[in-house]
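As given, the protein sequences belong to chains A and B, one line each in that order.
Position 253 of the first sequence, counting from 1, maps to 253 under my numbering, and the rest follow consecutively.
Position 28 of the second sequence, counting from 1, maps to 1028 under my numbering, and the rest follow consecutively.
Don't read these hints as lab results, they were simulated from the structure.
In this text the structure is predicted, and so the values were computed from the model without any measurement.
One or more hints might be untrue.
Stated by the list, open to error - These stretches of chain A come out as covered by chain B in the derived footprint (C-beta under 8 Å, 3 or more residues):
(1) 188-197
(2) 245-258
(3) 281-292
Claimed, not checked - Quick list of in silico lysine-lysine cross-link-like pairs, DSS-like style, CA-CA up to 30 Å:
(4) B:K1309 - A:K44
(5) B:K1309 - A:K8
(6) A:K354 - A:K309
Said to hold, decoys possible - Calculated Cβ distances over 10 Å to all of chain B for the following chain A residues:
(7) V51
(8) E52
(9) S141
(10) P161
(11) R237
(12) S277
(13) A359
(14) G411
For each residue, glycine too, the CB sits at the ideal point set by N, CA and C.
Protein chains: 2
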Amino acid sequence: MTQRIVAKYWMETGDDPMRAAETIAGEQSSGTFLKLAAETPELKERSGARVEALDILDVVDAPSLPGGMASKRYTRCLLTLSWPLENLGPCLPTLMATVAGNLFELRQVSGLRLLELQLPEAFAQAYPGPAFGMAGTRRLSGVQQGPLIGTIIKPSVGLNPQETAEQVKMLVDGGIDFIKDDELQANGPHCSFEERVTAVMRVVNDAEQRSGRKTMVAFNITGELDQMKHRHDWVLRHGGTCVMACLNSVGLVGMSALRRHSALPIHAHRAGWGFLSRSPALGWDFAAWQPFWRLAGVDHLHVNGLRNKFSDSDETVIAAARSVIRPLFKDQAMAAVPVFSSAQTGLQAHDTFKALGNADLICTAGGGIFGHPQGVSAGVTALREAWDAAQAGIDLRTYAATRPALQSALGFW
Amino acid sequence: MTQRIVAKYWMETGDDPMRAAETIAGEQSSGTFLKLAAETPELKERSGARVEALDILDVVDAPSLPGGMASKRYTRCLLTLSWPLENLGPCLPTLMATVAGNLFELRQVSGLRLLELQLPEAFAQAYPGPAFGMAGTRRLSGVQQGPLIGTIIKPSVGLNPQETAEQVKMLVDGGIDFIKDDELQANGPHCSFEERVTAVMRVVNDAEQRSGRKTMVAFNITGELDQMKHRHDWVLRHGGTCVMACLNSVGLVGMSALRRHSALPIHAHRAGWGFLSRSPALGWDFAAWQPFWRLAGVDHLHVNGLRNKFSDSDETVIAAARSVIRPLFKDQAMAAVPVFSSAQTGLQAHDTFKALGNADLICTAGGGIFGHPQGVSAGVTALREAWDAAQAGIDLRTYAATRPALQSALGFW
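Take the sequences, apply the hints, and build the full model.
Pasting the structure below:
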């Protein structure tokens, strides 16, 4: 039985929808500019992409995107295409060129968005998936249940290594589980990576001596491959338990190479996700984008947060979070840990928990922790208590009645 | 004197434009969620991004993209921001997270597109740029002047190595200068990379024995880093003179690593460019995207072609082509070779030459060569003659009067 790659698109076309679908299928498989002798029916049967389904949604009178063919009606539909695995083999970079290559700019479409992707098991054999996931993250951070309560170093840039370590000390003393660098801060001249890691890990290791628990710090190692390997090794040598990299900056091949080298969980930042997704008529749904990175082996994936400061709706956020924990293959889930961030406080805990069905996640808050009138420690406690309440199914205000940190937090969240 | 990174955007905002500009600047530099003690005026002065210019274009009453703040008026403007190089150092991946990171999804914008990028000289010291460019491409291909006349192997997928080699033989015998694999074909089970290269290079090397000139074949080595290195070495060992990789599939870090390994020109395919650019209110202009890849070291960059089958306007194509030859730095041009493709025939030669000002380019045609009634050789000759006419400033029909291949081609182009 031939294994096939299946991709689902939202398409808008000024052409006959089936003809547009066939054009995409041809363009992305055995199509030719002219009928060539070599393009036999057997070849087309063996290698052609196939239109599996085409469901008309509605018809509009103006195109969503410019540059397409002129028409009086633009039909919107859901299109499912499939490709034989044999066209490319289980290769993620060529998969990307196949399902998301030269098709968005076709004149036949005035809108095209990749919604979903289903891959044959061969990809599970060819790629490692996350090495740590939630279980490994819990083991390394000592957080046995509930979310890892986290935050980010701010200001994003401008602190030197010593100032960074001082912020980390305040956070670690406050009982935080997880800290991440900003995506803008990797190895700036004012804040050398090595010095920052050395200074920060001194604080983290000292605290571990006292508390027996090590705060997980995701150091941003984003850079060229040799630099990332060197920085990873530096983090490992200084007792660190996580590295962070920006997916759109590093790219698929770099992330795969990092995964093969890494002995630590990889915290994946999606900076730039907006340019791939903000137009509803173009680009990527997160559900179709994230399998590439999970297969390549990232452990933590950013999904934004409910009621965030960005343009993602709550529905989009939850769909993204669910997508990263949905099993990729029958026997290999390759689940990543969803990372919730952006304007997060304890007020989103109940809704997030309800929508996700579990608390296997990282929740990072900035103002939601730092803004606490009794300080960072109370801020961390309050956020954790909000999640405890959510998991226990107890109303936030009821739970807060006997918990001063949470009670006080409700005033400023 | 502080060296600064300068980026120019098209922005649409429902907010006060200067406030939106300051929000982006803050978000992408020293901003914090709350006013922190560490965010001193000195730190902001040293590390903050700066609004260099803000020019209002017009005001519209509906947002281009959804998810932004509600407003009665959306102001469109040109925004120039700058960052101190010291925030990140000359690091391409972090540069991408800085100029094209978490800003497209800000609620304050209902449209954001990166138009231009200017980088400090430090990037020229940190990155190699193209190793071959046009001079190296001419040397290896033996094409002393005018464009390299090229084509692509079709069907895109489905041919086995022997069938591919047969197509290549027909093309090489026809006098073609340049052949490329399709971006969908790297190492499929039906067409193993090694066997394909071996079979194709046997044909190419045999022809070189007779003609003294070696057709340049861009073999698609796209894959994981180890695979790409192995495939590059395989091409080199078999006498090949070019490798091809898909930029969006491989990513920045992978391309940099390939460049450091490569002894051959890198032919860069931009498959997927549409998802980065098709919405005029979002994403990237090619002018801002291409410097990343030139710095990383690619030699050939696809720019589409005049009157192409995709949605790019002629103006967009020419702007893209001009951008890849415009010097990146005062003392280091790092020019790439523009590759024109998609529905190209000799009919676009004059306009392309006129718009670009030179013929230092690769022109690939499919139907424009294969469709010639006298066969591939006449197709190649006709396309070359059209470019000769363009360079000589002679009208195409006049030039064709004494040239049967060109004369005949005018009938089907």
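Against the structure, the hints:
no., hint, verdict
1, 188-197, "holds (count 3)"
2, 245-258, "holds (count 11)"
3, 281-292, "holds (count 4)"
4, B:K1309 - A:K44, "holds (22 Å)"
5, B:K1309 - A:K8, "holds (24 Å)"
6, A:K354 - A:K309, "holds (21 Å)"
7, V51, "holds (17 Å)"
8, E52, "holds (18 Å)"
9, S141, "holds (23 Å)"
10, P161, "holds (13 Å)"
11, R237, "holds (22 Å)"
12, S277, "violated (8 Å)"
13, A359, "holds (23 Å)"
14, G411, "holds (15 Å)"
Violated hint for the displayed structure: number 12, the only one.
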